[in-house]
Amino acid sequence: MVISRFVLEHVPPQTILKIHQNIADQIGKHYVLHYISPSDHRSYFDKSISLYDFLKYTEEEWNSLFTRYDYHNRMRLPEYIQLFESMGYKVIFKDFSTPKGKEKENFKSLKLNKRFANFTDEENTAGSIILFLEYNVIN
Numbered sequence: 027m028v029i030s031r032f033v034l035e036h037v038p039p040q041t042i043l044k045i046h047q048n049i050a051d052q053i054g055k056h057y058v059l060h061y062i063s064p065s066d067h068r069s070y071f072d073k074s075i076s077l078y079d080f081l082k083y084t085e086e087e088w089n090s091l092f093t094r095y096d097y098h099n100r101m102r103l104p105e106y107i108q109l110f111e112s113m114g115y116k117v118i119f120k121d122f123s124t125p126k127g128k129e130k131e132n133f134k135s136l137k138l139n140k141r142f143a144n145f146t147d148e149e150n151t152a153g154s155i156i157l158f159l160e161y162n163v164i165n
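98 is the number that our numbering gives to position 72 of the sequence shown; each next residue is one higher, with no gaps.
Take the hints with a grain of salt, since some may be wrong.
Unchecked claim - Derived pair list, reagent style DSS-like, types lysine-lysine, alpha-carbon separation capped at 30 Å:
#	residue 1	residue 2
1	Lys44	Lys130
2	Lys82	Lys44
3	Lys140	Lys73
It should be emphasised that the hints constitute simulated quantities derived from the structure, not laboratory data.
Model the full structure from these sequences, guided by the hints.
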């Protein structure tokens, strides 16, 4: 079993693919438990920024705002699930939180970048994600 705790949001998608492919190649059948915090981490230090502020930026704008030490891939819940399922992982459990009160209002007032426009509000705001995956080698 492989466990990651609040790591994946800081890893580029192509690297996530490579890591999971390497695990599958080396271990074969296995389980993975991921805890993912897909919110704008800048909001933890700057209270004027909402948990979803980073959803308004283009890729170019976002890439200019962070350093290699605070990278965040901005992947949304369906993107994680699609990535894992494309590799043959089965999602056997998922859980996440959704915003309430002021954070929900902040999200509703945000002008989303077109990259995020096709996701539902719940998919864009899913937080504290838990994904439990199974990988079973098919011969």
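Tell me the hint numbers this structure goes against, listed in increasing order. The structure breaks only hint 1.
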